[in-house]
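S.K.: Chain by chain, the residues:
Protein chains: 2
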Amino acid sequence: MSYSTDPRAARSREAMLAAARQLLAREGPGSVTHQRVAQQAGVGRATVYRHWPRSEQLMLDAMGGADLPLFKDPEVPIRAWLRRQLRQMADELAIPAVAAMSLTLAQSAMWDPELAHRQDESVRTIVERIHAAIQSAVASGELETDAGPSDLAVMLVGPIVYRTTMQRDKVSDDLVARLVDSIGSWHS
Amino acid sequence: MSYSTDPRAARSREAMLAAARQLLAREGPGSVTHQRVAQQAGVGRATVYRHWPRSEQLMLDAMGGADLPLFKDPEVPIRAWLRRQLRQMADELAIPAVAAMSLTLAQSAMWDPELAHRQDESVRTIVERIHAAIQSAVASGELETDAGPSDLAVMLVGPIVYRTTMQRDKVSDDLVARLVDSIGSWHS
Chain B
268 MSYSTDPRAA
278 RSREAMLAAA
288 RQLLAREGPG
298 SVTHQRVAQQ
308 AGVGRATVYR
318 HWPRSEQLML
328 DAMGGADLPL
338 FKDPEVPIRA
348 WLRRQLRQMA
358 DELAIPAVAA
368 MSLTLAQSAM
378 WDPELAHRQD
388 ESVRTIVERI
398 HAAIQSAVAS
408 GELETDAGPS
418 DLAVMLVGPI
428 VYRTTMQRDK
438 VSDDLVARLV
448 DSIGSWHS
Chain G
268 MSYSTDPRAA
278 RSREAMLAAA
288 RQLLAREGPG
298 SVTHQRVAQQ
308 AGVGRATVYR
318 HWPRSEQLML
328 DAMGGADLPL
338 FKDPEVPIRA
348 WLRRQLRQMA
358 DELAIPAVAA
368 MSLTLAQSAM
378 WDPELAHRQD
388 ESVRTIVERI
398 HAAIQSAVAS
408 GELETDAGPS
418 DLAVMLVGPI
428 VYRTTMQRDK
438 VSDDLVARLV
448 DSIGSWHS
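Protein chains in written order, with the working numbering: chain B, 268 to 455; chain G, 268 to 455.
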């Protein structure tokens, strides 16, 4: 990563980050490649490589200001919506660069307070969104559960992250359905 | 890590690795510190630091030949035994060096085929041990479940790894109990 003080380089860095965030928000982490970011930002591919030799680093910097779509705007029935969201999360984490980015962020957060803050924010966002969705399912009578929001989130997300990053293996639709069903009694 | 061809250095490296493996097997990953390994191997602490500047690297090398005690030798009732094993796993992963080691191994496995092999072995061992325990619980009528062994293992282990490494947060006894209960119907 280059932190040049040349104003033109700084502008082009910002343009590339903005492009990466747009791609991230619209098409998910798999779209944040050197080529797509270069096209979108109107710079050469070599410029993107010069700033971020590896795409995980670019994604990491872009994520700081991105509003990720995952688990946003719950839809009724929540049970089916949760399955779709977890399916999407699993598909994104099946892309090696995305899995590597998650591990890099988690690992760097152990030493670097700024990255720890970023990691905590991103984890908190997911927990809060899942919680909001589950609360609405409980309120509407779709779900009965006595687990706390944070535990529910790790029961849904933890196995998917473990399977994709630690086992480097696929998540079946059956596992996704089983995870959703494991958090309580669904009436949908 | 030093890979000296000096036979004396190689012997002392082997002695340190053997010491680390004994500590790992007897007292768990938290015991694999520079100081304990130096004592156990009868070398100076500086020697351990020279070979492995960070304790995760030492643990990583030691794990290659260690027979980890986790999830070994299931005891009846399996439900209570699983809770104890998961509690122990969570307590080990609560040690920052252990969490960092898990993330380091998983991340390095994405690029390095030798580490990928090591990571796969360690994951397969856990899955097989959990599977064996669950099979015996099903055979004895203690548990009814229709999930496959690999899915059951990630449902138990995934949330604990996620909570400790990605959220850098504690695992409550309540979460441990909830995970064990989520994998099927227990009659114990």
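Quick caveat, the hints were computed from the structure, so don't treat them as lab data. Some hints could be false.
Just so you know, same-sequence chains aren't split out, so a pair can sit in one copy or run between any two.
Below, in silico cross-link-like pairs of lysine to any residue (SDA-like), each with a Cα-Cα straight-line distance of 25 Å or less [as the list claims (entries may be wrong)]:
1) Lys437 x Gln307
2) Lys437 x Glu381
3) Lys437 x Ala282
4) Lys437 x Ala406
5) Lys339 x Arg312
6) Lys339 x Arg391
7) Lys437 x Thr371
8) Lys339 x Arg321
9) Lys339 x Pro274
10) Lys437 x Leu382
11) Lys437 x Ala285
12) Lys437 x Gly415
13) Lys437 x Arg293
14) Lys437 x Tyr316
15) Lys437 x Arg275
16) Lys339 x Gln302
17) Lys437 x Ala414
18) Lys437 x Pro320
19) Lys437 x Ala383
20) Lys339 x Arg317
21) Lys339 x Arg275
22) Lys437 x Gly309
23) Lys437 x Pro380
S.K.: So, against the hints stated earlier in the document, which numbers end up violated here?
M.R.: Per hint list: 1, 3, 4, 5, 8, 9, 11, 14, 15, 16, 18, 20, 21 and 22 violated.
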